[in-house]
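Asks: What follows is each chain in one-letter form.
Protein chains: 2
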Amino acid sequence: MEEALNEKATHHMNQELLIHSLQNEDIQMFREEFLKLHPYDQASFFKELDEETRERIYYYLSPEEMATLFENLEMDEGYQDVLAEMNPNYAAEMISKMYVDDAVDVLNELEKDQVVSYLTIMDEEAAQEIKDLLHYEEYTAGSIMTTDFVSISANQTVRSAMYILKKEAPKAETIYYIYVLDDDKRLAGVISLRDLIVNDDDTMISEITNDRIVSVSVGDDQEEVARKIKDYNFLALPVVDFQNHLLGIITVDDVMDVMEEEASDDYSKLAAVSDMDTIDRSPLYAAKKRLPWLIILLYLGMGTASLAARFEETLEKAAILGAFITLIAGMAGNTGTQALAVVVRGIATGDLEKESKLKLILREAGTGLITGTICGILVTITIFIWKGNLFLGILVGISIFCTLIVATIAGAFIPLAMHKFKIDPAVASGPFITTINDIISILIYFSIANMFLSFF
Amino acid sequence: MEEALNEKATHHMNQELLIHSLQNEDIQMFREEFLKLHPYDQASFFKELDEETRERIYYYLSPEEMATLFENLEMDEGYQDVLAEMNPNYAAEMISKMYVDDAVDVLNELEKDQVVSYLTIMDEEAAQEIKDLLHYEEYTAGSIMTTDFVSISANQTVRSAMYILKKEAPKAETIYYIYVLDDDKRLAGVISLRDLIVNDDDTMISEITNDRIVSVSVGDDQEEVARKIKDYNFLALPVVDFQNHLLGIITVDDVMDVMEEEASDDYSKLAAVSDMDTIDRSPLYAAKKRLPWLIILLYLGMGTASLAARFEETLEKAAILGAFITLIAGMAGNTGTQALAVVVRGIATGDLEKESKLKLILREAGTGLITGTICGILVTITIFIWKGNLFLGILVGISIFCTLIVATIAGAFIPLAMHKFKIDPAVASGPFITTINDIISILIYFSIANMFLSFF
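Line order of the protein sequences matches chains F and H. Reading the first sequence from the start, the letters are residues 1 to 456 in full-length UniProt numbering. Reading the second sequence from the start, the letters are residues 1 to 456 in full-length UniProt numbering.
These are computed hints drawn from the structure, not numbers from a lab. It cannot be assumed that every hint is accurate.
[What the hints assert, rightly or not] Just the calculated beta-carbon pair ranges, DEER-fashion:
hint : chain 1 : residue 1 : chain 2 : residue 2 : range
1    : H       : Glu55     : F       : Asp200    : 52 to 58 Å
2    : F       : Asp221    : H       : Asn89     : 42 to 48 Å
3    : H       : Glu125    : F       : Gln80     : 57 to 63 Å
4    : H       : Ser160    : F       : Asp202    : 17 to 23 Å
5    : H       : Gly219    : F       : Leu49     : 29 to 35 Å
6    : F       : Asn389    : H       : His135    : 32 to 38 Å
7    : F       : Tyr139    : H       : Glu25     : 46 to 52 Å
8    : F       : Leu49     : H       : Asn450    : 54 to 60 Å
9    : F       : Asp81     : H       : Phe384    : 39 to 45 Å
10   : F       : Ile377    : H       : Ala365    : 29 to 35 Å
In this text, a Cβ means the ideal position worked out from N, Cα and C, and glycines have one as well.
Please model the complete structure; the sequences and the hints are all you need to start from.
Replies: Given below as structure tokens:
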């Protein structure tokens with residue numbers, strides 16, 4: 001949790017000055033202006049530079065200064081390239097000076113042998129700290145926690161706790177929560193800096209420790225962590241193993257990144273785009289990300305078309321039926337996506353945990369019954385007025401009615417089933433649901449149409 | 001920013017004890033167990049009770065204790081009902097004891113005359129503080145900020161700053177950032193509690209104040225606030241007027257709620273469900289939220305159907321064409337939604353701000369060209385092999401090719417245009433795009449089909 005509090009107001013002026021000083025190789029002026037910036041602004045500036053200029057910066061800044069910048073550098077896949085520009089010793093030292101959770105984020109993007117080589121050059125203690133964190137599985141609490149926290153034992157005074165805090169402040173990610181450990185290094189409680197401040201120096205820590213603390217297990221999903229921090233309004237959450245040993249902490253800033261990541265993820269899956277973290281760089285890059293989905297959907301769509309082709313005879317007898325295929329399939333897709341979205345969000349926010357699944361499905365069936373009835377009646381009346389054909393109206397109306405009920409249930413059932421089988425319900429359910437519902441709707445539509453055929 | 005750090009581990013046992021004590025009207029036991037809980041857990045427990053039991057709780061807890069619970073109570077529209085259960089004096093006092101931003105959140109859900117009546121009963125100072133915040137427009141920085149912050153002037157020592165902090169700690173939302181004001185109450189800088197802790201007691205505040213601070217204007221969008229807090233990893237952000245007077249602060253916990261709200265909002269709009277904050281309570285409630293969209297989409301779909309009906313003659317001549325309508329319309333919808341999602345997320349995360357809009361559209365056109373070419377070729381070959389009909393394959397292939405290009409451009413262009421005209425691009429663009437693309441795809445498909453008709 002970085003805390004220098006700088007400003008962007010004089011941003012433009014400053015940027016020119018920085019570029020000017022870089023061009024003139026004026027180290028002193030560059031350092032003076034650059035180090036005034038908030039690390040996030042340093043990183044934003046750095047990101048826009050070309051390779052040659054970036055390489056100059058590695059000579060102007062110490063590995064430690066570069067580490068602060070790097071902690072704030074948001075790149076998807078570019079770390080490898082940037083690190084390759086640096087002298088390996090410089091890179092290794094920089095990584096060792098980063099907050100350990102950020103260092104792990106960066107190393108996770110690299111090839112395994114490269115990670116090993118950096119860890120070998122690096123200061124042993126730092127390397128060990130990183131190694132301990134590297135083996136946690138992605139998306140778990142362990143993978144986003146840091147070991148840079150402040151802990152104390154219960155049998156001391158506020159005064160001595162403040163002393164420890166001052167000493168550890170430069171290295172710790174947050175000093176606002178201090179974790180109290182028992183003799184076996186088990187998590188016994190937590191105390192906030194606020195508590196320390198408002199109590200007398202001679203108060204015993206044990207008297208003011210809060211021993212009913214909320215923690216997460218190291219293997220818990222990162223979404224679970226985000227939810228807890230959000231619900232309880234914490235600044236950090238302790239991570240423990242199954243014996244309640246304190247392994248690390250997760251701070252609110254890391255959780256915000258998780259929240260954004262997960263929201264983008266759910267959103268992009270609903271839209272059938274994989275991995276939509278950044279604006280696409282080139283048409284080829286964008287096409288590469290979207291084509292897999294489009295090709296799958298293309299073949300699923302051809303499956304639907306082959307099903308529809310079986311009703312060619314029906315279409316030959318009453319071509320007007322063809323005009324309503326998109327309407328019915330579209331409505332099935334719409335209502336299915338609505339039900340899906342409600343369920344996927346419900347799973348994501350945890351609102352669904354307490355609910356009976358059967359009750360949910362029944363409720364969705366009820367919803368489909370209501371929306372189906374109303375839309376069915378509306379469409380029947382509208383087609384009757386518009387085309388003067390009551391049978392066509394009734395045919396389309398009944399199809400809409402049946403389709404909406406079935407599609408709504410399918411939209412709720414499929415993500416629930418996926419969740420049950422530990423598949424991320426957001427994965428392919430957007431397009432998947434739509435295709436299932438296309439098929440359902442076409443079957444319903446043409447089956448009913450065949451019954452009505454004699455009226456045309 | 002609430003900071004009691006309790007636990008949920010003994011949650012179930014505790015819950016039974018609480019219900020037991022409520023049933024036996026054992027005030028003492030209830031209070032003892034209940035007040036041990038984290039306010040979030042208090043609120044979760046409270047939410048599940050029936051009205052009669054809730055009313056009992058109002059007698060067991062003081063307005064101040066109830067205020068802490070209420071700050072953690074997440075309800076969409078239910079505040080009005082819950083407040084109506086309380087004695088008005090109790091309710092007014094409770095509201096006055098809440099953090100002012102949370103009080104404003106609650107009051108914003110009520111009828112105007114009810115708000116006035118509570119403010120009239122309430123302690124005058126608290127009422128004034130609330131009134132000052134009530135007039136800010138929804139979704140602005142002003143509407144989510146709090147005035148419960150700590151400020152000091154620059155010409156004092158760390159020791160006296162710590163003294164002020166201790167005094168203000170019980171009321172302030174955060175004591176981790178202290179804002180430094182000049183003689184005209186203008187924001188001059190900021191200092192973190194971490195800075196105070198690590199410096200000597202005799203250090204002058206002016207020496208350690210950070211005067212390059214990041215702030216937001218009171219009228220700024222709440223998304224902008226969330227982005228800044230997230231990018232800079234702040235715990236709070238000061239809100240100023242155009243003369244740089246400090247009006248309030250926004251803390252990270254409020255911003256997390258904003259992030260979740262905005263993410264849910266974007267997601268639900270893509271799925272054409274309005275207002276998807278909670279799992280729907282009843283089929284009728286769900287149907288009421290989804291029907292408006294479904295009915296709009298129904299009539300848009302009928303518009304598309306009436307367009308398709310114009311090609312009835314074409315369908316009569318070659319009924320097999322009807323089978324591919326869903327495929328082509330579906331692919332147009334898919335690619336349009338992909339482009340839309342990328343642009344909407346880009347606008348939401350601010351990544352798009354720096355980019356040229358024309359470049360973006362051209363890039364999307366390029367993407368459509370690539371995906372269109374590949375999908376077009378695939379579909380032509382597949383249909384040729386499957387149906388043995390090269391002309392049908394070429395017809396569908398060319399249609400897919402043209403459709404994908406146009407639909408991709410439309411998917412990017414429409415949200416950009418909406419953003420330009422200050423309409424939230426997420427509003428109706430999901431279904432809107434799909435319908436536009438249905439129409440485009442049907443026009444393209446049948447126009448090309450008519451050219452090929454002599455081959456069937």
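Asks: Each hint: holds or not?
Replies: Outcome of the hint check:
Between Glu55 (chain H) and Asp200 (chain F), the C-beta spacing of about 41 Å breaks the proposed range 52 to 58 Å. Between Asp221 (chain F) and Asn89 (chain H), the C-beta spacing of about 45 Å keeps the proposed range 42 to 48 Å intact. Range check, Glu125 (chain H) to Gln80 (chain F): about 58 Å between beta-carbon atoms, so the 57 to 63 Å window is met. Range check, Ser160 (chain H) to Asp202 (chain F): Cβ separation about 22 Å, and the 17 to 23 Å hint holds.
Judged by the Cβ atoms, the range 29 to 35 Å given for Gly219 (chain H) and Leu49 (chain F) holds: they are separated by roughly 34 Å. Taking 32 to 38 Å as the suggested C-beta distance range, the pair Asn389 (chain F) and His135 (chain H) does not conform, at roughly 57 Å. Between Tyr139 (chain F) and Glu25 (chain H) the Cβ separation comes to about 47 Å, which falls inside the hinted range of 46 to 52 Å. Under the hint 54 to 60 Å, the C-beta atoms of Leu49 (chain F) and Asn450 (chain H), about 55 Å apart, fit the expected range.
Separation of Asp81 (chain F) from Phe384 (chain H) is about 44 Å and conforms to the stated range, judged on CB atoms against 39 to 45 Å. Against the hinted window of 29 to 35 Å, the Cβ-Cβ separation of Ile377 (chain F) and Ala365 (chain H) comes to about 43 Å, which falls outside the hint.
In this structure, the earlier hints numbered 1, 6, 10 are contradicted, and the remaining ones agree with it.
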